[in-house]
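*Asks:* Single-letter residue listing:
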Amino acid sequence: MRITNRIMQRNNLSNINTNKIYQDRLSNQMSSQKKINRPSDDPVVAIRSLRLRSNVTEITQYYSKNILDAESWLKVTEDAISNLAQVITTMLARCDKGANTYLETKDRKIILEEMQGLRDAVYSTGDADYAGRYVFTGYRTDTSLSFLTAKKQNYTMTEQLDKGAIDSVSKVDVSNLLDINSTNYMTMNVDEDNISSVDVHRIRLAYSDCSDYGDFDKLKSEQNALIEKNASAINQANPPLGYQVGNVDLNNLSADEETAIKDAVNQVITDLENANPPADQEVIDRLKNWQDNPAENLKDHFAEINNKLNNDPNAVVDGNRVQVGVTPPDAQISNDIADIGKIVSTTASAADWDANQAAFNDLASPTIQFTSPGSATFMDQKWGGFAEAGGYITLMHSYETSPNPYAYTAANPDAIVYIPETGEMLLGENRYAELMATKDSAATATQDEGEIRVTYEKNNWKKGDLRPEHYFYCQAEKEDGSGEYVTYNESYLTPEAERQVIEYDVGYNQMIRINSTADECFKHDVGREVDDIVNAMQDVLDLEGVKADLENIKQSIQETDTAALAQVQKQLDAVEKALTYAKDKEQKLFEGGLTNFQKNLDDANVCVTDCGSRGSKLELIKNRTQNQKTTYETLKSENEDVDITEVAIELSAAELTYDAALMAAGKVMQSTLLNFI
Amino acid sequence: MPSQFFGLNIAYTGLLASNAALNTTSNNIANVQTEGYSRQQVTQQAANALRVFQTYGCAGAGVETLAIERIRDEFYDFRYWNNNGKVGEYGQKQYYMKQIEAYFDDNGKNAGFKTVFDQLMITGLQEWMKHPDDTSFKKQFVGYAESLTEYFNGLAGNLEKLQKDVNEEIKVTVDDINSIASEIATLNKQINTIEMTGSMKANELRDRRELLLDRLSEYVDVEVKETAVADTNNMDRDTGGSRFIVKIAGGQVLVDGDNYNELECVSRTSDQKVNQTDIDGLYDVYWVNGSKFNLYNAAMGGALKGLVDLRDGNNGESFSGIVTETGAVEVDKQNPDGTTSKVKHDTVTVEVGKHYLTDLNKCNLSDSGGMINLGNKEFYYDSWTYSVSYDANGEPVYSYTFTLSDSELNKSKLTADRVGKTATVGTSIDYQGVPYYMAQMNEWIRTFSQKFNDILGGGYSGDVPGIDLFAGDKMVTEGQYIFDKAYRYDQFSPEMYNEQLEAAIENQFKADREAAKKALMDQGKTEAEAEAEIVTQEPALRQAAEAKVKPNFKLSVTVGKNVTDNDNYYLMTAKNFNISSTVENDPSRLANKKKAEDGVAQDDLLQDIKDLATDKNSMSFRGSSASEFLQCILGDVALNTERAETFYSSFKDIANTIDLQRISISGVDEDEEAVNLVRFQNGYNLASKMIQTLTEIYDKLILETGV
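Just so you know, the protein sequences line up as chains A and B, in that order.
Quick note on the numbering used here: the first sequence kicks off at 323 and runs consecutively.
Quick note on the numbering used here: the second sequence kicks off at 117 and runs consecutively.
A portion of the hints provided could be inaccurate.
What the hints assert, rightly or not - Straight-line Cα separation of at most 30 Å, BS3-like style, residue types lysine-lysine; simulated pairs:
no.	chain 1	residue 1	chain 2	residue 2
1	A	387	B	255
2	A	951	A	387
3	B	529	A	387
4	B	711	A	800
5	A	845	A	939
6	A	958	B	732
7	A	951	B	537
8	A	951	B	726
9	A	784	A	761
10	B	529	B	460
11	A	944	B	732
12	A	951	B	529
13	A	357	B	768
Since the hints were derived computationally from the structure, they do not count as laboratory data.
All of these numbers come straight from a predicted model, not from anything done at the bench.
Produce the complete structure using the sequences and hints provided.
*Replies:* Okay, structure coming up:
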């Protein structure tokens, strides 16, 4: 090939340029410390480095932020629960003292105050917060665990219990002992036989001072007035009977009574037969044959006839209402309370009665739901509604005395008594037996058929009351005054119930639970147990007060006044008996408290342990994350950073090559043949 | 016996020849650095001998100088030009791809997609997850989301700018082609003028012409043909003239002898827009005589091809389908006086099957009217409707119905014979240019926004239902699009189809029933009679209603000029991608939980958002997860850049090699010329010496011999 000078020059130039490009790349690497300057230098490295950079960002987020936050949160939780454990330990010590030593009045007073103070301490510990967020309240970190001020807000809550929640309570009936004082002791007759103590089964609800359904007492008295009104009308119409309708004993009708009823029924039959158009023949036939039925079915028999009559447009003159029937012996209220054989023309009364019943139905009364043994479906039985509205539950107040709710329940095996003031559901023997028979079925893994649900209302909240939305399925009135309701924790009633677990991402696909929820350690029964103990102690203190008063009176009485002495002595004996009962109850409660607080302490310790184990798990994750972080950073560096030694050597080599190329070019371009001719 | 003075004559020819050679050498040396210069050489031959009728035969008559010729091998020129097209094409590609690469790059120094997205979906989201209801963290998250939208806005702006630059460069290139064409035509004329006068060669002019072709071949592929001009009267005569033809872009004649065709760039009007993402005023190239210069010719090469690929490259994903139906539709027309009147517009329905058309998120069809080609006839369209229906097997059938423009734009009428023809919009260009990257960004943005907004919309903040985070700004008027459920084309499904079909049939049935009843009453029947009769006809009416409604029933959204409602995600692009102004003003509206009654620290919704970033099942973009967007795109960009660079440097090397081979033949070598100089000087000296010698001989002969 013919080589011209130009070719040599161009080749040289091109070689120098190639060297320059190489040198430029190396010096770029040297100064930027990166293997590549642009993605197209090496697409594989560029794309891999995107992924690695992302990994480093993510792992740094976990390592330097999320893990630290999770640690702080766990620490706050752990501290709060440790405090709680201390408080409960103190409570245990007090119960131990109460249960195992003889208490003077002043000791009792001190313990009482201490217990009340400890109770408040328990729940204020639960209001612990981390950076302005409450830590024990699940997802509701903006809501305190307990009410911070007293508040009026309506809640309807459903407690989910099991038969373990049914305990027994004893009630000491102190008759009128507490009313005795130095001025009236002579007129106060106390019968020692009236001092008694009963034990009944109860479910202690989470709250006391529950809703007493405002209008209940008013409606009840209206109902009584209506019954009264009807009863007097009947008695006026049937002077020979001479008894109150409410007292007819169907099982033991006297000959007179039977005749009276027969006459009355015949009167009705005549009226119905003469009615134009005549009444339903079936009704008349049944009335004629009333005696064919056994006495115990008479009530139902009449009730059925009443229904028919009331629904038969032809049977009654407009506006009037025929009531055939008798009042059952237990004075249970239902709409077959009535005249025997009378057309009661008190239109207003009938309408009032209906309105009264409707108002009872409108009261959102408490219910108990549970699964009866052998039932395949959950909650197929419901003891809902007030007895006054045809339900099962009797509302009684704790201050009622004749009989008191406890005595009433003890006497009636089918009773379910709701005492709003103390937040107790008392169960008659039969009801108790029925509830105790519930049990979880092995056949359905996801459902708890042994569950007993109690639904009730509460309006009034004291400072320190635990907020129900952290514990139960409930419907709460909104605080904005709109009258609308919010439903909380709907899932608790379903098998899909999930706890409000807050988890932080602390690694790739690694989450750690950072919160403990109130229902694991801050439980209602701590406070309720304290309430029971405090109340029992207060009862003893009150009786001791009366006893001291009576002893003072006794001192002041002249020895000659034997009548007064005898009266006071009789009263003292009664007080002594009552004190025996009350102290016995107190003792039992202290012992119960020992067991119960121990259980709570165990729960708290489990929570502390749980926090601790999560903390150590976090520590492990932290170490691992640190390693991962280092690994990714190394990988990233290996991928995109240059090996400085290697580049330095290459750069020196490149410089050498460049110099050589320059020298060659210089030589070649220096001379031509022309220089030599 | 020749003349005694014959020798002097011979010596004279020697002097002449040496002189010519010396001059040529001088010329060569003078042009040693001239670009495109071919070395010249004197061709000479021994002059015809004189027959002297002597026993020793003929007597040499000296030397004859034939011509001064350049030394050049055209074979290398052709090779050089062929190769130079590739150099031009990849030169442009590597230049612009480097820019695109810089726009997309994310190297930790400039914040690219990955940095911005990780900020949003790792830093922002993780902090938010720890404080689900805290407005300050929501605000931070919204701030990061804004960085994401701004990133895309900026990227779209950069790519638009780049498309504009490329477009301008196309114009510059076309202008340069014109000027080269005119110069070549002039040179052709001059060359012929010189060469037709005799056997002379216009060496310098030819060199210049080839130099121009070197330049032209970089812009566009060239094909050169030179044929001798024959004398029709005497075919054997060499006229010396030649016809020089230059064809470009796959055989289109640019220069023919001393004539040349001029090209011109014409901006597309807004009615001729091809891609949704195209900027206004892209150039189409025409011959000045009016016929179209096919920019998309497969045989085209050179810088022009590189530029067109970059400007219009759609990875072969242009609209195409089969026309299934033509029809007409009544459209409201805005009159200048503010009133509206009904005008009939033709419609054409095109069934499509390509994945980038069946999924509207991937589509890049103009949203403001354009041109559609129906079996080689072009029509303007105002708007199009994307429709889905389901066949008996529940398989989807996708079609686009174009509403053609009025007769002002469409001079020829749409005829039914277009059915069955192929419909295309734009050209399929198998290169990943600006429209491709834009379409990719749009697809990601639309899919991501749909999924993201759906998650938020299904949740609550406090007890307030969540609202969209990502929105699209309206470009012409103020405000943002509100994407109504009815236009959620991404949620079209057989269930939705059946449900709406039932409703439509029911409506039709009710209307028909009412009409039939009215007809009966008009015949004099009482209402009761009419009602009784209608009841008996009900099954038939229902069947008729179904037959009327069902064949044409489709789920659809419409996009285009004069479309007022139909706000749908297709209108969301990288350019107008933004944060919902409501959320921007009040970040607390961001939902964080799925149930209103759950507590404030509930973050179940945020878990879904987290999955959206990294879980392919939540969102899939080109078979990868949302966060891998840049991996996919940067893969394309980096590979295209790398390829362009590799090709560029290898074609450049080849060009260099060919050029060296050319130089090897045509180049002036200084040593060689030095030798020549000595050689020709010696020749000249000898010839002079000869004359001197003869002078002495004549001196002897005339003055001394026989005197």
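*Asks:* Starting from the hint list further up, note which numbers the structure goes against and sort them upward.
*Replies:* The structure conflicts with hints 3, 7, 9 and 12, although it agrees with all the remaining ones.
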